[in-house]
Amino acid sequence: MVTNASEVDHYASDFKQLQALNDNNWVSPIRSHAMETFAGIGLPTTRKGNEKWKYTNVAPIARIPFALSSSSNTSIDVIKSVAPWSDSWTNVVFVNGFYRKDLSDQSDEFELTNLAELIEERIPVENLGSLTDISDDGFAALNTSFLQDGIVLKVGKGKTVEFPINVVFFSDGSPSTVAHPRIFVKAGRGSSVSVIENYVGGGGDYSLTNSVSEILVEEDAVVNHYRFLSESEHTYDVGYGRVKLSDNSVFNSRSFFKGANIGRYDLNVLIDGEYASCDLQGLYFTSGDQHMDNFINIDHAKPYGTSNLFYKGILDGKSRAVFGGTVLVRKPAQKTDSVQSDKNLILSADAEVDSKPALFIYADDVKCAHGATAGNVDADTLFYMRSRGIDLETASRLLIYGFAGEVIDKVEIPELRDFLEEAFLTSLPSYKFEF
Amino acid sequence: MSKHNLIEIKNLHASVEDIEILKGINLEVGVGEVHAIMGPNGSGKSTLANVIAGRPGYSVTEGEIIYEGDNILAKEPEIRARAGIFLAFQYPVELPGVRTWQFLKAAVDAIRKENGDEEMGVRDFDKLLEEKRQLVEMDPDLVKRSVNEGFSGGEKKRNEILQLALLDPKLALLDETDSGLDIDALRIVSEGVNNFKGPQKSVLLVTHYQRILDYISPDYVHVLVDGKIVKSGGAELALELEQKGYEWIRESTGTEVQT
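Those sequence lines, one after another, are chains A and B.
Take the position in the first sequence, starting the count at 1, then add 45; the result is the number in the working numbering.
Take the position in the second sequence, starting the count at 1, then add 3; the result is the number in the working numbering.
Note that these hints are calculated values from the structure, not bench results.
Cut-off 27 Å, straight-line C-alpha distance, at most; resulting in silico cross-link-like pairs (DSS-like, lysine-lysine):
hint, chain 1, residue 1, chain 2, residue 2
1, B, 116, A, 477
2, B, 130, B, 204
3, A, 477, B, 108
Start from the sequences, fold in the hints, and give me the full structure.
See the structure below:
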């Protein structure tokens with residue numbers, strides 16, 4: 046492994062300070078181990094053979110000596126102006142990675158605690174880190190080195206949580222700062238819950254949000270997971286999500302990307318139970334110089350699983366998108382049914398997408414399909430619309446909205462759907478397809 | 004009283020990628036008339052309908068199409084549509100994510116705008132749409148779905164006729180609307196066309212088979228072979244063609260017919 050020493054040095058003094066705060070705490074050895082790991086592997090590079098990071102160069106992130114961010118007194122109005130919000134939801138707010146109790150709701154329906162409190166109270170979180178392989182990911186190792194705050198959510202056996210839990214990670218964009226939010230969710234047997242993760246805000250100077258989410262879905266449980274990423278054009282956002290499904294459980298994910306300088310979402314769903322299913326959908330809209338990398342993987346380890354991977358991108362300006370989706374069907378995963386697709390609408394000659402969906406099948410009795418398309422709308426489609434009197438501009442708008450709407454329409458929380466519709470449709474460029 | 008023509012096609016030659024498909028078509032369709040164009044596969048009948056509607060990809064090398072007194076060949080398809088030309092597609096296009104309701108309203112509003120009217124209010128439009136939907140017996144759920152996506156062949160054709168009824172053009176070009184329809188769908192589609200017909204409306208119906216003409220009786224029948232109209236007559240010509248086959252045309256006109 047080649048590690049750039051300065052990259053590690055950037056974080057050394059902050060690490061020492063943080064550890065000093067929580068001496069002899071359950072979290073201290075976890076952090077130390079992670080820091081040692083990070084020192085060994087560093088941040089990923091695009092060097093040859095590193096398929097995971099082939100198209101995303103994080104050198105700009107590695108170069109900046111990010112300092113740990115601190116909380117700020119951002120008001121609730123600012124949060125509500127950039128994140129989805131409903132008073133009927135359980136809203137939980139973090140600013141620059143720190144829990145803001147004054148802006149957050151409590152609930153006795155389920156166990157919801159912020160990680161800092163658990164560290165403070167010396168209450169270890171069982172299974173925290175069990176889904177994260179820090180030896181394989183410098184960002185996840187770094188997040189774990191700075192394990193400090195985030196949420197721990199546990200939904201009890203058989204509990205149906207009616208309203209979504211809306212977690213907002215707001216970054217005020219203080220220059221050269223980093224936050225490492227951590228999310229841990231455990232949905233007990235037969236429970237059902239919807240969680241919205243938001244990464245929003247950002248300012249005029251470079252900052253980094255480096256999150257890790259772990260979601261354990263027990264037998265017969267259902268987790269609906271939403272992710273909304275809309276930060277400033279100077280923000281780097283790296284997200285690492287790990288999900289493990291038990292027998293008969295369901296995980297639905299809807300991921301929305303609207304902005305960041307470099308965005309990366311690495312989601313891996315392990316189907317570790319029979320008859321489990323996941324439906325992973327995403328919409329990314331990149332413009333300007335933005336770069337978004339979706340690295341979405343499904344690992345079928347047990348039989349009778351179903352998975353659907355459906356991502357759509359709209360690219361404008363000089364932006365670049367990467368879609369790496371791998372569906373792995375292991376030998377025991379017979380009778381797996383899997384579909385994957387990535388479609389891209391490219392609105393500018395300077396925009397580019399690298400879409401590499403891949404399928405590895407080791408079982409022999411499975412049904413799998415995958416595909417990727419990139420390109421413009423065809424002449425037949427436009428002629429059909431124009432032959433009804435609709436001009437090119439209106440036709441293009443309907444098609445672009447429709448393209449985005451295919452993912453947004455499937456959001457089942459009405460307030461969130463309205464929010465996303467507004468967020469995307471108002472920002473989509475006016476564009477005229479030519480042929 | 005002399006006949007008032009809605010559309011006059013004069014010596015029309017059109018090609019696709021340098022291959023000449025239409026080789027001098029002459030045709031006049033009067034206001035209130037129903038014309039059927041019949042012909043074997045590859046004779047150019049679909050090309051004719053598409054060239055009138057302005058589909059890109061065809062180049063007109065000679066001749067003109069006069070619609071309401073103007074040569075429309077240089078006009079964009081949406082301009083022709085707003086002037087009252089409607090093409091029911093042989094293969095209606097799927098528009099993923101574009102809801103049928105939204106699409107239909109955009110079309111209705113585009114035509115209203117052309118006539119100097121305001122966009123139609125949502126409630127009025129819903130009422131109009133519901134009335135026309137019932138006419139073509141289309142499943143109400145389909146209106147909420149993406150245009151033609153996941154529709155059966157018959158549902159797609161009904162959707163074309165629904166659009167015909169909503170947009171209420173002057174000239175309906177039906178491009179093999181009958182192909183692939185079962186007998187029920189054929190009846191519904193034909194009723195839709197018959198509802199549209201009237202003293203102010205014209206129909207140009209392109210078909211391979213006589214079958215649809217049992218439901219929609221044409222005033223004139225033209226037989227198109229190898230890019231030319233080789234025979235014209237009344238409704239009886241279609242029946243004769245059905246009985247004797249396209250081979251008979253070849254013998255009676257001395258034209259090569261590939262069937």
